[in-house]
Amino acid sequence: MAGIGIANLPNQRHKIISQAGGHFTLMVVGESGLGKTTLINTLFSTELAMPKDYRRRFAKQLDKTTEIG
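If you're matching positions, the sequence shown starts at 1 in the UniProt record's numbering and goes up one per residue.
Please note: incorrect hints may appear among the correct ones.
[Stated by the list, open to error] Here are the simulated SDA-like cross-link-like pairs (lysine to any residue), alpha carbons at most 25 Å apart as the crow flies: (1) 15 / 5; (2) 36 / 23; (3) 36 / 10; (4) 36 / 22; (5) 15 / 35; (6) 15 / 32; (7) 15 / 40; (8) 15 / 39.
These aren't lab readings, by the way, just hints derived from the structure by calculation.
Values in this document were obtained by computation on a predicted structure and should not be read as measured data.
Full structure from sequences and hints, please.
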């Protein structure tokens, strides 16, 4: 018998998605080199996203402030 209640919601959701499929929108933001691509690849146990240009991967970024007024 399947569990019922809030504690079982992740299991119920997994079962529904496994049977019917699903579409997800996921946004991961952060500075260069923090592991955003690695996080996505690890979450889905595959290489969904390839890292960008490796030569620029560790280039120093300039700080920039933008005022919205």
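> Are residue 15 and residue 5 close enough, with their CA atoms no more than 25 Å apart?
Replying inline: holds (15 Å)
> CA of residue 15 to CA of residue 35, is that 25 Å or under?
Replying inline: Given that 25 Å is the threshold and the Cα spacing comes to 29 Å, the pair is violated.
> CA of residue 36 to CA of residue 10, is that 25 Å or under?
Replying inline: Cα-Cα ~24 Å, so holds.
> CA of residue 36 to CA of residue 23, is that 25 Å or under?
Replying inline: holds (20 Å)
>> Need the status of pair residue 15, residue 32: alpha-carbon distance at most 25 Å?
In response: violated (35 Å)
>> So if I understand the rule, the pair passes when the alpha-carbon distance is 25 Å or less; does residue 15 with residue 40 pass?
In response: Since the Cα atoms of residue 15 and residue 40 sit roughly 22 Å apart, the hinted pair holds (cutoff 25 Å).
> Between residue 36 and residue 22, does the CA-CA distance stay at or below 25 Å?
Replying inline: Between residue 36 and residue 22 the Cα gap is close to 22 Å, so the pair holds against 25 Å.
>> Need the status of pair residue 15, residue 39: alpha-carbon distance at most 25 Å?
In response: holds (23 Å)
Of the numbered hints stated above, those contradicted by the structure are hints 5 and 6, listed in ascending order.
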